[in-house]
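2 protein chains.
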Amino acid sequence: MRLPIHSLSLISRSFSDRLSAIPGRRGVCGAAMRLVQFCRQGDEGGVRVGVDRGEGLGVIDLKAFDPSMPMTMRELLEMGAKGMQCAQRALEVSPTQCVVPFAEVRLLSPVLAPEKVVCVGMNYRDHCLEQNAPIPKEPIIFSKFPSAITGPFDDITLPDESQEVDWEVELAFVIGRKGKHIKEEDAMSYVAGFTVANDVSARDWQMKRNGKQWLLGKTFDSFCPLGPALVTTSAVMDPHNLGIRCLVNGVAVQNSNTNQLIFKTEQVVAWVSQFVTLSPGDVFLTGTPPGVGVFRNPPVFLKKGDVVECQIDQVGVIRNNVV
Amino acid sequence: MRLPIHSLSLISRSFSDRLSAIPGRRGVCGAAMRLVQFCRQGDEGGVRVGVDRGEGLGVIDLKAFDPSMPMTMRELLEMGAKGMQCAQRALEVSPTQCVVPFAEVRLLSPVLAPEKVVCVGMNYRDHCLEQNAPIPKEPIIFSKFPSAITGPFDDITLPDESQEVDWEVELAFVIGRKGKHIKEEDAMSYVAGFTVANDVSARDWQMKRNGKQWLLGKTFDSFCPLGPALVTTSAVMDPHNLGIRCLVNGVAVQNSNTNQLIFKTEQVVAWVSQFVTLSPGDVFLTGTPPGVGVFRNPPVFLKKGDVVECQIDQVGVIRNNVV
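These protein sequence lines map, in sequence, to chains A and B.
Per the UniProt record's numbering, the first sequence starts with residue 1, numbered consecutively.
Per the UniProt record's numbering, the second sequence starts with residue 1, numbered consecutively.
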């Protein structure tokens, strides 16, 4: 089951008043924008990059605005400043013939097929307290395969292989330009923007099997809902002071603030870039606050028919049915 | 430092007599071929797909043979039978104007930018015995980021961040078509072919840090030399009965046989496809035999100036300088 598309316009509207650039928070892109990937209803194969106009005013199809623009976010990011400037111009001009009404839009994950999905474990103070775990002295890094990514309003498929599928709302960010050995003070200039993720986790596979390597429990198909937009760095006041919540069937199960993050965006970028070259489109999930199902007494896990909603202030809302 | 290119022709020659298709071993491609990715010397950016003619007779540039063919192996695999048939025809016809002499070829990894690099840990009986570890009852799956992949004769860069970089020769295979929940008896029909990998590992990061999640220690840039060719399934007599060796500075440090594999190709494909959809180009590293540096007494690690050579009978040889 898909959620009604018109709910998207409500989401955009609630954040649209913050869409002017915030001085001092310049990432790859100096402009405040909500970039999306979408397909038109009935053209499910055709990925397009768009700019959300906010206020429910529809999405600008970037390739319709400028045919030299690419079809995917990853390619747009790889273009660097030229791509971002074009998106900004498209938003300013907003020619009617390039605007797709929300009723005709199916939003996809803002990034598809990244080279990496990098995840940070145990990265909220209050989440460590919840499980009586020490505060890590270094980030704990694991990964999902890109095949786990699904859209902001697509279904989470419960696999037959797990009985313990859990939710994890997370602030995600997307890399905007290539870099290695990035310094903390330069890190934000490598970040294109932020989005909302659900780091769906099969606890049996993560914690008890596979030699305690977390990968398999984290990477079933559909275990990484992402979106609804890539919100450029300039459009987020302070990424490390945002309300972050997860609701299951309308009940808040996680409710914290990104000010509880142990390793912040800049530190995570600097840390991981010691090991690997970061590339445009790389997705980072920064960790989850307390309230996950596995640490409840008794534990609670997702079941078919549940609806999981992940919310981060200023960034957006994703909502996924469990099937 | 690069190794002399003419050594490639020696490698091809030694296997060329086995290049007729082996009945009963049909993967994605029924033909026996050694497919490569290469760039011409002096055109370092230009990736091409080629078919090794063997006997030092050069490489057929597939796009020169048929302009409708793609530039990369992943795209060729995504084409399915059409791409493989074209490669086979190119090998049969071998028009002079499409043959690039080995002296002008720089071999790249046979696959670049796969969606996944899937690795199996603790998958050789004799390697488990070496470390007094029990034989696993299920495959242990971890991963590298695709950014770790480097060419068959490219350098392994020792990172400043590790003092314990180790070698691991491994039989690798490449997925040729999309699949989920693949049965063991069908698994080989999803495999395009085999290649040689070195699962270079920073033991300090793998075993002692990062919350014992192996990823970081396994995924430094250049920690996945791969090649020299994608040897189609039909060109390998029995992938589970091949001599497998690693030499450091000419001294054999690993010397075993793929008949020691606990979980064979078919089982690994079936296992992993329970969790994730497999896609053309996905690279699997199947695990390493005994003789790694960390379990020696005293432990031995790679240092600048070392040359690591990984050999698998019928599949090929890769050789990487440590810098």
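Since the hints were made in silico from the structure, they are not lab data.
Please note that the accuracy of each hint is not assured.
[Claimed, not checked] Here's a subset of chain A near chain B, in silico, CB distances under 10 Å, partners left out:
1. 115
2. 140
3. 203
4. 204
5. 205
6. 211
7. 272
All C-beta atoms, glycine included, are put in the ideal place defined by N, C-alpha and C.
Can you name, in rising order, the numbers of the hints this structure does not satisfy?
3 and 4
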